Amino acid sequence: MPLPKIVASGVCIAVLGSQILSSSPGVPGDGLWYWPFLRYSMYANAHVSGDSLLVSELRVARCGLTDFGNILPADSLGIPPVQLGSLLVTIGRAPDAPASQDAERKLGRAIAAQYPGRYCSASAWLRVVYVSDTSTYTVRAPMRRVAEWTLDRLGHE
Amino acid sequence: MSIRERLDRYWFEPARLRDLAYLRIAVVFALLTDALWPGTLALELRRARLPAEWFTALPALKVEMLPFGWGARPGATLLVIAWIVCGVTGIGALLGAYTRLSLIVFAPVVTLLLAHVFSYGTMRHPQAAATIVLWLLILTPCGAELSIDAIRARVARSRARGRFVEVEEWARSRDARWPMRLVQWLLVSVYLSAALSKITVGKGAWLNGYTMTYDMLLDGIGHALPMTLSLAHVHWLGILIAALVLAFEATFVLCVLYPRLVLVYLAAGVAMHISIAVLMVAPFFQLMSLYAAFAEPVRTEVRRWHRAGAGGGSRVWTLVYDGYCPLCIRTMSQLAELDGAKRLRYVDLERDAARATELLPGVSADDMREEMAVVTPDGRALRGFFAFREISRRLPVLWPLVPLMYAPGSAWAGTRLYAWVAANRARRLCEGDACAVHGSAHGGKGETGVGSVIDFGGSAS
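Sequence lines, in order, name chains G and Z.
Residue numbers for the first sequence follow my numbering, beginning at 18 and rising by one.
Residue numbers for the second sequence follow my numbering, beginning at 26 and rising by one.
No lab work stands behind these hints, which were simulated from the structure alone.
Hints should not be assumed to be uniformly reliable.
Said to hold, decoys possible - From chain G, some residues computed to sit far from chain Z (all C-beta separations above 10 Å):
1. A25
2. P97
3. G109
4. P112
5. D113
6. A116
7. G134
8. S140
9. V163
10. E165
11. T167
12. D169
Unchecked claim - Okay, the calculated beta carbon distance ranges per label pair:
13. G81/G to A268/Z: 53 to 63 Å
14. P159/G to T58/Z: 12 to 22 Å
15. S35/G to A366/Z: 46 to 56 Å
Quick caveat: nothing in here was measured; it's all calculated off a predicted structure.
All C-beta atoms in this analysis are idealised placements derived from N, C-alpha and C, irrespective of residue type, glycine included.
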């Protein structure tokens with residue numbers, strides 16, 4: 018038996034209405050809160066030739082070692098890559114600021130949750146890529162250590 | 026015609042159920058593959074291990090987790106169970122086994138898994154619209170074609186009639202039309218949202234080429250993609266790509282308003298999304314699965330082009346089968362369900378002996394009963410295993426079997442297997458309302474012996 022037209026019409030109006038509403042500029046929040054009804058604003062920000070982007074890495078040292086040879090990618094921590102990058106840039110810009118220390122602690126707790134007791138210190142590494150300087154367009158390039166902190170070993174089991 | 030009548034026709038004119046089935050298969054396949062992709066469950070579990078400060082439940086997750094409390098966070102056990110249920114019901118929905126029930130379970134489980142993984146501050150867009158459509162499909166008869174349910178129903182109908190009856194017309198329903206229209210307009214709103222965001226947030230600067238360079242650098246370095254970085258050097262390419270992307274997104278509505286543009290737009294969309302997937306590792310295949318909602322205009326356009334080019338002669342393969350053989354009736358019913366392009370025709374040699382003889386001159390009726398035959402458009406007749414091999418080449422659903430059918434030794438083994446099945450199948454003879462089962466032409470034995478009663482669920486025709 019077919020669905021009554023009034024019900025089908027209601028479904029169409031509800032779905033399209035919700036999608037249009039959630040992607041409207043006036044909607045509070047960033048339009049991502051109503052998932053799966055979304056604002057499709059990815060890659061919407063414009064950039065100019067003077068812009069630069071910061072490439073970041075989180076490196077950790079095993080307990081008892083000082084070598085920061087282990088790079089922890091976002092996936093291995095279960096953290097969205099954008100968030101990891103944002104926290105590392107916060108730490109790198111002003112390592113002594115309270116926001117940076119909060120970010121260090123937050124990352125430290127994530128590391129302890131995924132790798133309990135394995136790592137005792139972490140560091141943030143950055144490099145700058147300039148849109149106007151093609152010589153910086155490389156997959157691998159030397160990175161600069163901008164901050165280093167001790168993990169408080171929360172979650173140690 | 027009044028506006029109301031036009032709207033009614035636009036949204037509710039009966040459409041092919043098979044087109045709706047394409048949409049079901051495309052959407053379920055995309056979301057199921059995404060859920061079962063290696064590493065997906067591991068990521069779910071890693072996120073579940075993160076401290077609570079990382080977790081901010083999306084409203085969709087809060088609603089689904091309501092039995093455990095508002096804002097409850099799913100634990101590892103629940104996620105593993107959900108993932109397993111997702112796999113089982115997703116395969117059910119894909120193949121169309123208990124389709125509606127499978128969808129009723131699959132949709133909330135997929136939503137739970139996605140909403141959980143996106144409840145850590147950042148989300149991805151590709152699955153969103155497909156998830157909406159998955160819920161929508163529950164309300165539709167999307168399992169009425171191209172499904173195990175449909176095959177079972179068709180076989181049951183053949184049984185009830187006591188014979189296989191070819192259905193010339195495609196099954197249609199108004200409940201196939203409005204979901205496809207809705208998905209088309211949902212895609213329009215998605216692309217329009219993307220275009221308007223670029224225009225309102227990025228303003229004209231979005232087209233300056235540096236924006237595209239920046240985004241390619243971001244993903245090229247983040248994912249270590251040398252090709253993307255080399256393209257980032259070419260400034261004019263950035264301008265061209267940005268202009269094409271914006272033009273596509275802003276004008277996608279045209280292919281809904283003017284279906285003759287559909288092939289151009291869908292080809293452009295596929296090219297755009299594949300390029301983004303390759304160059305920026307941002308696959309939007311789940312969104313692309315919604316292109317299946319354009320099956321009807323695509324088919325119309327392809328036919329128009331085909332007619333304009335080659336004259337549009339239709340090529341059909343004609344099967345001659347034993348109409349008193351339940352196994353043959355079942356096989357014909359299944360083939361008819363799988364034959365999306367309606368390339369097969371069927372001749373029941375017991376009821377249309379003259380046509381069968383015309384198609385297979387020089388072959389006796391007994392020989393025809395022994396082996397199914399297929400006559401190709403160029404008049405070539407193939408029998409038994411070779412007939413089945415020919416059919417498997419013509420039906421896309423059977424293409425996975427083709428390499429096996431042409432493997433060395435397959436003809437030797439296939440002909441023997443076919444002969445064994447044919448020799449052991451049952452036959453029935455009907456007179457009036459009474460049907461009886463006979464063994465094979467060579468004399469069956471045991472349960473298929475003469476006089477056994479066969480249950481066809483009704484009197485013979």
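S140/G remote from chain Z - nearest C-beta pair above 10 Å
holds (19 Å)
P97/G non-interfacial with respect to chain Z [C-beta, more than 10 Å]:
violated (3 Å)
Non-interface claim for A25/G versus chain Z (Cβ beyond 10 Å)
At about 5 Å from chain Z, A25/G fails to clear the 10 Å cut-off, so the statement is violated.
Taking the beta carbons of P159/G and T58/Z, is their distance inside 12 to 22 Å?
violated (39 Å)
Verify this label for me: V163/G is non-interface relative to chain Z, using a Cβ-Cβ cutoff of 10 Å.
Per Cβ check, V163/G is outside 10 Å of chain Z; nearest 17 Å; holds.
Non-interface claim for A116/G versus chain Z (Cβ beyond 10 Å)
Answer for A116/G: holds, closest chain Z Cβ roughly 15 Å.
So is E165/G really clear of chain Z, every C-beta pair being over 10 Å apart?
Given that every Cβ of chain Z is farther than 10 Å from that of E165/G, nearest at about 22 Å, it holds.
Would the least Cβ to Cβ distance between D169/G and chain Z come out above 10 Å?
holds (12 Å)
Assertion that P112/G lies outside the chain Z interface [Cβ separation over 10 Å]
holds (21 Å)
C-beta pair S35/G, A366/Z: status relative to the range 46 to 56 Å that was hinted:
At 37 Å between Cβs, range violated.
Please verify that the nearest CB of chain Z lies beyond 10 Å from G109/G's CB.
Per Cβ check, G109/G is outside 10 Å of chain Z; nearest 16 Å; holds.
Run the C-beta distances from T167/G to all of chain Z and say if the shortest one exceeds 10 Å.
Holds: least Cβ distance 18 Å, greater than 10 Å.
The structure fails hints 1, 2, 14, 15 (numbered hints given earlier, in ascending order).
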